[in-house]
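Visitor: Single-letter residue listing:
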Amino acid sequence: KAGVTQTPRYLIKTRGQQVTLSCSPISGHRSVSWYQQTPGQGLQFLFEYFSETQRNKGNFPGRFSGRQFSNSRSEMNVSTLELGDSALYLCASLIGTGQGRSEQFFGPGTRLTVL
Amino acid sequence: GNSVTQMEGPVTLSEEAFLTINCTYTATGYPSLFWYVQYPGEGLQLLLKATKADDKGSNKGFEATYRKETTSFHLEKGSVQVSDSAVYFCALSSGNTGKLIFGQGTTLQVKP
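Residue numbers (my numbering), protein chains in the order written: chain A, 109 to 223; chain B, 2 to 113.
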């Protein structure tokens, strides 16, 4: 079974630009969660998508948004980038329902650097 | 709100030493508890989990027991190897949501 795929693996952007990151979950999984990892704040939950609907949202500004497609692939977008958005962005794949909802399988992450 | 507290690192051990990484949590209800491991340059790998009180999760020689009375989920391994060097994260999920709350991570360095 293929794992979680995230593209691109590395990105360099400048302040004010926007960026889109992509995540393909494990086949058969219907839910995707996104996390931001920084040295200062650690791992923080961004949002969760299930069946193309946002089901949970973390405490991030509206510049951070996401969506999910009918094939369960998900994208997250960050607009008007700030230096503080530099982070490793991790996507997690979940079965999505029942007891398995909380068990998450992570991709390798996208390293975003904002200059 | 829900939170997870881990012992601060880094933890430096010699090969074959006994490992304990402490983790305590605050949560309403009955959370599921997890340990994840992150190797340099990689994402998180699920190491083990426990979904109810007194459950013991185990994998690759690592163990952790869900202790509701002490709200703890300490990670242990009897004999560490150099290849166990990584960052370890304790996490909880409450209410069967897709949101994990993580501790700050503990860096483990094992020397030959």
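Warning: the hint list may mix true and false statements.
[Said to hold, decoys possible] Simulated crosslink set (DSBU-like; lysine-lysine; CA at most 30 Å straight-line):
no., chain 1, residue 1, chain 2, residue 2
1, A, Lys165, B, Lys53
2, B, Lys57, B, Lys69
3, B, Lys50, A, Lys165
4, B, Lys50, B, Lys78
5, B, Lys78, B, Lys53
6, B, Lys57, B, Lys78
7, A, Lys165, B, Lys69
8, B, Lys112, B, Lys69
9, B, Lys53, B, Lys69
In case anyone wonders, no lab produced these hints; they're calculated from the structure.
Visitor: Each of the hints needs a verdict: does it hold here or not?
Guide: Now the hints, each set against the structure:
1. Lys165(A) / Lys53(B): holds, 25 Å
2. Lys57(B) / Lys69(B): holds, 12 Å
3. Lys50(B) / Lys165(A): holds, 24 Å
4. Lys50(B) / Lys78(B): Given pair Lys50(B), Lys78(B) holds - Cα atoms ~15 Å apart, limit 30 Å.
5. Lys78(B) / Lys53(B): holds, 21 Å
6. Lys57(B) / Lys78(B): holds, 13 Å
7. Lys165(A) / Lys69(B): holds, 28 Å
8. Lys112(B) / Lys69(B): violated, 34 Å
9. Lys53(B) / Lys69(B): Status holds; Cα separation ~9 Å.
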